Structure formats: C-alpha cells, structure tokens
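**Student:** Construct the complete structure from the given sequences, taking the supplied hints into account.
If you want the building blocks of each chain, they are given just below.
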Amino acid sequence: MTNIKSLKSMYYIAKSSFLTIIFCFISVISFANQPSTNKILDTTSVGSESEHAHTNAKHEESHGEEKFNINKTIMEHISDAHQWHLWAHTSLPLPVILYTDKGIEIFSSAHFGHGEESHIYQGNYPYQLIHEKIKVVNEQGEVNPNIMVLDFSITKNVASMLLAVICLIIIFLSVSKSYAKRGVGAPKGLQSWIEPLIIFVRDDIAEPNLGKRTAKFMPFLLTIFFFIWFVNMLGLIPFFPGGANVTGNIAVTMVLAVDAGHQLNKGKVAFYMFLTIIGGLIFVGSQAWEWKNFIKGEYGAIETKGGSLLQFVDNKGHRVKLSDFAVSLPKEREQLTRNKGKWFMEESSLPTYTVAEVQAGFKAHPELLIRTEVIYEDNAASKADPKNNITLNKVKHKTILTRAESEHRLANATLVVEGANLIRNEYGSKLFADFFFFITGFHGFHVFSGVIINIIIFFNVLIGTYEKRRSYEMVEKVGLYWHFVDLVWVFVFTVFYLV
Amino acid sequence: MSDVHVSNTKRIWFVFGLLSVVTMVEVFLGIIKPESLHLTQFLGMNLLNWIFYILTIFKAYYIVWAFMHMEGEKSILRKVVVAPVIFLVLYLLFILLTEADYIFEIFKNSTIKWNF
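Residue numbers (our numbering), protein chains in the order written: chain C, 245 to 743; chain F, 662 to 777.
Among the hints, erroneous ones may be present.
Stated by the list, open to error - Covered stretches of chain F, going by a simulated chain C footprint (3 or more residues, C-beta under 8 Å):
hint: 1; region: 697 to 711
hint: 2; region: 719 to 726
Said to hold, decoys possible - Derived Cβ-Cβ restraints for the label pairs, each shown as a range:
hint: 3; chain 1: C; residue 1: 624; chain 2: F; residue 2: 747; range: 40 to 50 Å
hint: 4; chain 1: F; residue 1: 771; chain 2: C; residue 2: 571; range: 47 to 57 Å
hint: 5; chain 1: C; residue 1: 720; chain 2: F; residue 2: 703; range: 40 to 50 Å
hint: 6; chain 1: F; residue 1: 678; chain 2: C; residue 2: 594; range: 49 to 59 Å
hint: 7; chain 1: F; residue 1: 704; chain 2: C; residue 2: 559; range: 31 to 41 Å
hint: 8; chain 1: F; residue 1: 712; chain 2: C; residue 2: 582; range: 51 to 61 Å
hint: 9; chain 1: F; residue 1: 676; chain 2: C; residue 2: 635; range: 45 to 55 Å
hint: 10; chain 1: F; residue 1: 749; chain 2: C; residue 2: 693; range: 20 to 30 Å
Derived by calculation from the structure, the hints in this document are not laboratory data. Just so we're clear, the structure is a prediction, and the values are computed from it rather than from any experiment. Using N, Cα and C, we set each Cβ at its ideal position, and we do this for glycine too.
**Tutor:** Structure below.
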C-alpha cells in the first residue's frame, strides 16, 4: 500500500458497509413482498405442504431408514430461510419483522416451529410459514390472499450479510489503524493479509478497466469486492456461521448489479443502450398508432368525378363525420370477393356508406356545408365569389362553400373516401398521403432496423464482447447510424408535421 | 482519453437539452400559429415556415456536429462533407420548384381542370 488514499478507503469501506446492509434489506423486501392472488394455487401448495409434513412424520418414525435426499439438503442450504439451521434438528431462530395494515410486529421465528412442519402463529393475524414465505391463513390453513404482509425479517441471508459486515468493519478498522500507525512501512498482522488483496483489486481489476479514474472508484470497488468475497467465504462454511447463499439470491445480485451499473463503464453503456432501445420502440409504436388512425380515418369524405375532395362541416365550420348524418338505404352494392368472381377478381372492402346514402343524408341536414381543398385567400376576388361562404371562411384555411354551391358540388360525387392510403385520402391531397406514408414508412423502417441493431449491441455489451476487445467502437458506429436516422427525422418532422 | 470522455458527456447532455428546447418551441409555434408570423410573406414563404426551416437546420447542425462527432474532424473534411450536401439541396430545391411551378401552371391555365 503506497499512498495515503488507501487509508481513506479503509474508513470508506467501514462506512459503506452500513449502506450495503440497506441494499440487503431492499432485496429481501422485494422478494418477500409477493402477495399471492391465486387462491387455488395457494391452497394446493398448502395441501402439498401438509402432505410433505405427513411423509416427514413417517420418516421420523422409521428414523434409521431415512434416505439421504441430496437435493433437499442442498436446497435447504442455498435457499433463504427464517431460521438458521445448526445441526440435525436444531436451528437458530431468527427475528421475524412483519408489517401489515395493523402495524409492525416482531417475534421469533421459533413460533413457526422448525423443520418442515410449520405451526400457525397468532400475531395480529394468524401467520404460517409456507415455502419460506409468511402468509396469513384461516383456521383451515387456507391462505388469505387479501391481506398483504411485508416481510422485513432478519432471514438467514440478511443475518449472514450482517455477519460479513461486522467482520469487514472489525478487520478494516484494525487495518486502517495499522496504516495510520506504520504509514507506508512493512505491513503487519491483518494488514499483511489484506494488502495483497487490495493491490490485486487495484492492479488487476480496476486499472485495466478504469484507467485514470481508478483512484476515484477504488473505495467503492473495494467495498463491493470485500463484501461479496466475505459473504461467499461465509457461504462456503457448511455449518453455523456460514451456510447462507447470499449472492445466489437473485435479488441481492440484482441490487448490486444495478448499483454497479451506475458506477462502471460497461454498466453505463448497457444502461443507455437499454434506454435507447426503449425510446426507439416508443417512437416506432407511436408511428404505428398514428398510421393506424390515418388508415382507418375519422371523418370520411367524398371524391367527385373531377378528383376533388369534399369534406363536410357544420354551420360553425367544425368538421362532421359521415356517420353523423348519412342515412341508411337498402344495399345496392355487394363486395366482390374472389369466390364470386369469374377469374381471380376481388376488390378492397367497400366504404361504410354509399354515395347515395351520403347525398340523402346531406339533403336531410340543411345545416351541413362542403369544405374544399382550395386554400381561401382573403382578397377581393374570393370575397366577391358568390360560391364562397362569407361568414365561415378564414384566410389560409380550406374554403367553405355556401349551401347552394355545396349541393351543386355534391351532385358530382363518385366515391366515399374513408381514411388515408396511397390512392385516396380523406384528410386532403392524395399526393400528401403518398409522400407521408412513403417517407414516414421509410424512416420508421430504418428506426426499426436501428432498434434491432441496438438490441444486438445491448446484448454484446452485457456479455462483455467489447470489454474483451478493449474498444467500444462498434457502439460508436451503431450510434452514428442511429443519429443519421435522427437527422433525417429532424427534416421529416419539419416538412410533414410543422410546415 | 478519459478527460475527453467526461467533457463529451456534458456536451451530449447540453445538446440534448438544447435540441429538446428547440423542438418544444417549434411544436408550440406550430400549435398557436401566430398570425403575425403566419400571414407575413417573405421571399415566397411565410415567416413561420422560415422559422421552422431555420430551427431545423440549427438542430441538424447540432446533431451532425455533436452527436455524429463532426466537430472533432479536421476543417477540410468538414467542408468536403458539408459543401456537396448544401449544393445538392439547393440544386434539388431549384429543380423541384421549377418543375412544380410548371405543372401548376399547366393545370391552372390549360384545358385540364385544376381541381385540388
């Protein structure tokens, strides 16, 4: 140990061990807090549990013939538990801390009995330990899924972690005292045991990955390293002080991974890749939703013989849906499907209303008017035009016609247009729909490809491909593609949505 | 290497914020469409659209310069990349506007009825 910074690291480790214990609690809470909603499933599990207990009791009777079940023994040792198995039929009870709507209660896990046979403990509610989860039960032993139990208990894993933390605090306070006393001189005692490990973490783990920033991360890395190491060493001891499989509990690993993700390069890359993928999916999803709405259409319109698009508005200028006024006449047109055709003939689905139905409905609603695609210019000629509606027209908006002219134009109707596609468009110019679907579709396809590529990169980051290559250049290259698609979108957004 | 990286991160977040603010301004203007801008013509286009296009080029500049790392390149390479793009965009605008205007006149003045 060569610099004074490591002295600080010692204190840091001691301090942050307390923080680590907070993480442990979070992990345990997250797993304990899974109120089961499936009553049937739970009652069956209770059934199998009591069956289990029954067979267990049988085993007890014929004690000498009990077969050694290796799976059971292993699972008992590696799964989290509310008591710490010592030897044979003796376990160390651990405190159970529960929070329900009736408040916090603390009692010893001995009340549940030990071994697989589980008693009902009468606290604020009757509790029973079912597959190491504390559940509220009724007299028949059925689980009540409606009462949520938050389990903050000091389980085997938590106790083991506490033990590791205590060991860490004792060792590192002693080691840091040695450094304070002897400075950079030859190490002694515990110090000489720990020093090579610290140097190993610094030179072989931190420096190759972090470069110049190593010093900044050392206290954190050492804390994590020694914490995991101690927990695992304790776990290797098959009897009492050990025997807990803390890092095998996915919740602990997850909390550590998420925390490390905020500190280390690789984790950071993966985190931002993940955000990018989510963002990309949101973009493609919104675009798909927008397409769906445009293709389905909202109001419907009429196309005339000359190709003009006629939309319908009320006497206030608000657009009106076809379904709000069209009448229903006897069907005169049947959709041509392939089984009715002479050859491979078919047509796309017919619009909801026929032209005649729309025309009849228009006649029946005298307040309706027609809006054309011509942009109204507020000049003398357009004001003098008797066909234009004087009161409703606004400059730079689509022209609204008078009632008489509306009826005249509607007489030329040939098609009912619903929604937008590459051929027709109820919203306006057909060419605009063509361009819109072509450009946003092309762009959306590239975003989708980008998301796929990002997912590939994300997994490569996770499995450490780029870490092994010592270069994240591939991420950079894909980023370049992604930003190019973004650059295109900046223009698409302006031209299709703003202007 | 590492120092460059740190300042880069700051710049990326700065540019991200800037682009977001510009986009919000654009969307806001697009929703309210102030008449003073929308109805004032300037060089054949209303002021609102001029603002949209200028802000778009402003955003494009930041994407290419910051996100696509053009600012780290040598000046000659930047010019070689950007100059042809500017030329092609202007050329395309010229072609499209000329052609579109011709077609518009045909529909408007000749026997084919302009009906849009």
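**Student:** Each hint should be assessed against the structure and marked as holding or not.
**Tutor:** Hint-by-hint comparison with the structure:
no.	hint	verdict
1	697 to 711	holds (count 3)
2	719 to 726	holds (count 4)
3	C/624 - F/747: 40 to 50 Å	41 Å, holds
4	F/771 - C/571: 47 to 57 Å	40 Å, violated
5	C/720 - F/703: 40 to 50 Å	41 Å, holds
6	F/678 - C/594: 49 to 59 Å	51 Å, holds
7	F/704 - C/559: 31 to 41 Å	39 Å, holds
8	F/712 - C/582: 51 to 61 Å	53 Å, holds
9	F/676 - C/635: 45 to 55 Å	49 Å, holds
10	F/749 - C/693: 20 to 30 Å	25 Å, holds
Taken one by one, the earlier hints fail for this structure only at number 4.
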